[in-house]
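K.L.:
Residues per chain are reported as follows:
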Amino acid sequence: MAFTFTTEERQEIERILARYPEPMSATIPLLHLAQGRLGWVSPEVVDEVARVLELPRIHVADVVSFYTMFQRKPVGRHRISVCRTLSCHVLGGHEILEYLRTRLQLGEARSGTDPRGLFTLEEVECLAACGTGPVLLINGVYHEGLTVPGLKLLLDKLEGLDAPLIAPGSGGTDAAPGGPANG
Amino acid sequence: MAEFICFPALQSKTRAGLDAYLEDGGYQSLKTALDRLQPAEVAAEVKASGLRGRGGAGFPTGMKWGFLPKQTEKPVYLVCNADEGEPGTFKDRDLLRYAPHQLIEGMLLTCFAIGARIGYIYIRGEFLEEAAAVNRALDEARGAGLLGRDILGRGLDVDLHVHMGAGAYICGEETALLNSLEGRRGLPRTKPPFPAVVGLYGCPTIINNVETLAAVPPIVGHGADWYRALGTEKSPGTKLFSVSGHVERPGVYEVRLGTPFLQLLEEDCGGMKGGRRLKVLIPGGSSVPMLTAAEAATLKLDYESCLEHGTMLGSGAVIVLDETVSVPEVVRNLAHFYAHESCGQCTPCREGTHWMHTILERVLAGRGKSGDLDLLLDICQHVSFRTICALGDAATGPVKSGISKFRNEFEALVHA
Ligand SMILES: Cc1cc2nc3c(=O)[nH]c(=O)nc-3n(C[C@H](O)[C@H](O)[C@H](O)COP(=O)(O)O)c2cc1C
Ligand code: SF4
Ligand code: FES
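Sequence order for the protein chains is A and B.
Residue 75 in our numbering sits at position 75 of the first sequence, with consecutive numbering throughout.
Residue 107 in our numbering sits at position 107 of the second sequence, with consecutive numbering throughout.
Keep in mind the hints are simulated off the structure, nothing from the lab.
Since the model is a prediction, treat every value here as computed from it, not as a measurement.
Warning: the hint list may mix true and false statements.
Listed next, the in silico SDA-like pairs over lysine to any residue satisfying Cα-Cα at most 20 Å (straight line) [said to hold, decoys possible]:
| hint | chain 1 | residue 1 | chain 2 | residue 2 |
| --- | --- | --- | --- | --- |
| 1 | B | Lys273 | A | Glu144 |
| 2 | B | Lys13 | A | Ala18 |
| 3 | B | Lys273 | A | Arg57 |
| 4 | B | Lys74 | A | Gly92 |
| 5 | B | Lys47 | B | Lys234 |
| 6 | A | Lys73 | B | Gly167 |
| 7 | A | Lys73 | A | Glu22 |
| 8 | B | Lys74 | A | Arg110 |
| 9 | B | Lys300 | B | Gly251 |
| 10 | B | Lys74 | A | Pro23 |
| 11 | B | Lys74 | B | Ala40 |
| 12 | B | Lys47 | B | Lys70 |
| 13 | B | Lys273 | A | Gly92 |
| 14 | B | Lys273 | A | Thr147 |
| 15 | B | Lys31 | B | Gly155 |
| 16 | B | Lys234 | B | Arg154 |
| 17 | A | Lys73 | A | Arg57 |
| 18 | A | Lys73 | A | Arg110 |
| 19 | B | Lys74 | A | Glu22 |
| 20 | B | Lys273 | B | Thr292 |
| 21 | B | Lys405 | B | Ile359 |
| 22 | B | Lys273 | A | Glu95 |
| 23 | B | Lys300 | B | Gly258 |
| 24 | B | Lys405 | B | Lys273 |
| 25 | B | Lys74 | A | Tyr20 |
| 26 | A | Lys157 | A | Gly145 |
| 27 | B | Lys273 | A | Pro21 |
| 28 | B | Lys400 | B | Glu295 |
| 29 | B | Lys74 | A | Lys157 |
| 30 | B | Lys13 | A | Gly92 |
| 31 | B | Lys74 | B | Lys31 |
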């Protein structure tokens, strides 16, 4: 399916381009903008970003493949990114991961999407919130100091919600009742 | 006790707005500098303060600024490194959330000192809330005539922009960050040339950590002597420490450099979690060699004491681990991190981090071979200082220190 930026997005792109002497610098910002609406970076997004910035397609594709926040496949309705690094790990991060793998019926896989397409689990490295571990992101929003029962409640609520993906770059608010446990 | 001398906003954790910052004397240092000081005098004050880079390497800030070419036709750029990714580090996040105006004032003073008209704040992609806080502060500053053209009517022109990363620890390395900011993959560049000479878009560029830049307003406001007196002779000033792991009260603490580690642990962090015993201390982020409890007992939180103890202050990420941890498990966790984050352009780092992780996996799975520990140490030898950036060497820190200080725990696994 073709992807084109909307009129509003085109205006945002003008504002982005004005920040840099070289348009290439807008590569990552434009990819964030597109992923924010679509939920992932499709091949058509790569085409469109390359066209708008007048860059070789391979340049944009290369950039997409380098950065872990860009999803190259469609994800479930809610994207869960769990920190697996040391400080979180020793405070129970591995139990959070085990719980999620079981709940999402991922079998042997360490990450992936549950059969209903509701949740996509990924492991990520340190999220720079180590003092309040274990930490995970749901649709880009930090949830800190999590326990397995707390997470269970959160996901139960999310399952009953028709919440949209939160746009990366939007700084959007949490779709989940209960809210992020920041601080 | 931690005092929050240079970073008072981290105490209240609520006063991020412009009004609150102005009430607390914010932007006074900038006004003083623009009214009374030449750019070179601001730079001289920072140099005299002995401030060292708080991003990890601890390079003297004033000296770094001095590497800019004296004469140049090209624009000079300032880049703030807010890619905070070193495992255990979360202090810059608090500065972005609670003290964005102090960072902006620090960047304006720095732009004035180095002659830059554009600054970028490179924020890790996951920090949406933090970026929103900085963008709000930038809008407020612009509205109050503190940003843009003719700042405060005193003829200074500076624009600052937020640039979001997209998930890659290596972009915290300064030249990888520059490539990322230019819209490329975040691959570190070979040095020299250093960014101060050939940096962003090929132009002279100063890259400093969030905490480094946020320390500039108090230094310019109170003077270099005041700042020096807060720390020790060789480690002047204060530093933020991010404490995580098995302590009662983890968090970000501002500490006078030279403070004993045990004081931070007992007085600020409320001691070990559940009263259990300290086993391992990683004092400066996951890249630095770990210390035993006995070594930690005599450690002071400053650059020299860390060096004397065979480790580094790094980014000030204090990871405290108690007797319940298995050191091989800790080392494997960190080896995974480096294997995952290596950008892959140097063979020793790409292969070395991969093999260290693979061998540790097999050791922990009980399939280790008798030569595995020496093999791991041998790999470290082949990675250290043979690569473009410091990630390769960093990856060897936990492996070498873990095996040499807790060898029996590894041997028990190999021979089991
Ligand atoms: C692999 C690697 C990761 C790094 N990550 C960061 C980081 O997240 N934040 C940071 O400020 N510096 C980081 N650094 C250090 C930067 O390269 C650079 O020294 C620093 O931003 C300079 O600022 P300072 O002098 O104010 O510390 C990293 C270095 C390496 C080698
Ligand atoms: S040392 Fe590792 S991370 Fe650094 S440039 Fe080489 S391969 Fe990349
Ligand atoms: S280790 Fe999980 S946020 Fe840093």
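K.L.:
Each hint: holds or not?
P.N.:
Hint check:
no. : hint                : in the structure
1   : B/Lys273 x A/Glu144 : holds, 18 Å
2   : B/Lys13 x A/Ala18   : violated, 33 Å
3   : B/Lys273 x A/Arg57  : violated, 52 Å
4   : B/Lys74 x A/Gly92   : violated, 51 Å
5   : B/Lys47 x B/Lys234  : holds, 13 Å
6   : A/Lys73 x B/Gly167  : holds, 16 Å
7   : A/Lys73 x A/Glu22   : violated, 29 Å
8   : B/Lys74 x A/Arg110  : violated, 49 Å
9   : B/Lys300 x B/Gly251 : holds, 19 Å
10  : B/Lys74 x A/Pro23   : holds, 18 Å
11  : B/Lys74 x B/Ala40   : holds, 19 Å
12  : B/Lys47 x B/Lys70   : holds, 17 Å
13  : B/Lys273 x A/Gly92  : holds, 14 Å
14  : B/Lys273 x A/Thr147 : holds, 17 Å
15  : B/Lys31 x B/Gly155  : holds, 12 Å
16  : B/Lys234 x B/Arg154 : violated, 36 Å
17  : A/Lys73 x A/Arg57   : holds, 18 Å
18  : A/Lys73 x A/Arg110  : holds, 17 Å
19  : B/Lys74 x A/Glu22   : holds, 15 Å
20  : B/Lys273 x B/Thr292 : holds, 17 Å
21  : B/Lys405 x B/Ile359 : holds, 19 Å
22  : B/Lys273 x A/Glu95  : holds, 19 Å
23  : B/Lys300 x B/Gly258 : holds, 5 Å
24  : B/Lys405 x B/Lys273 : violated, 23 Å
25  : B/Lys74 x A/Tyr20   : holds, 15 Å
26  : A/Lys157 x A/Gly145 : holds, 18 Å
27  : B/Lys273 x A/Pro21  : violated, 51 Å
28  : B/Lys400 x B/Glu295 : holds, 16 Å
29  : B/Lys74 x A/Lys157  : violated, 55 Å
30  : B/Lys13 x A/Gly92   : violated, 27 Å
31  : B/Lys74 x B/Lys31   : violated, 27 Å
Figure legend: structure checked against the earlier numbered hints; hints not met, in rising order: 2, 3, 4, 7, 8, 16, 24, 27, 29, 30 and 31.
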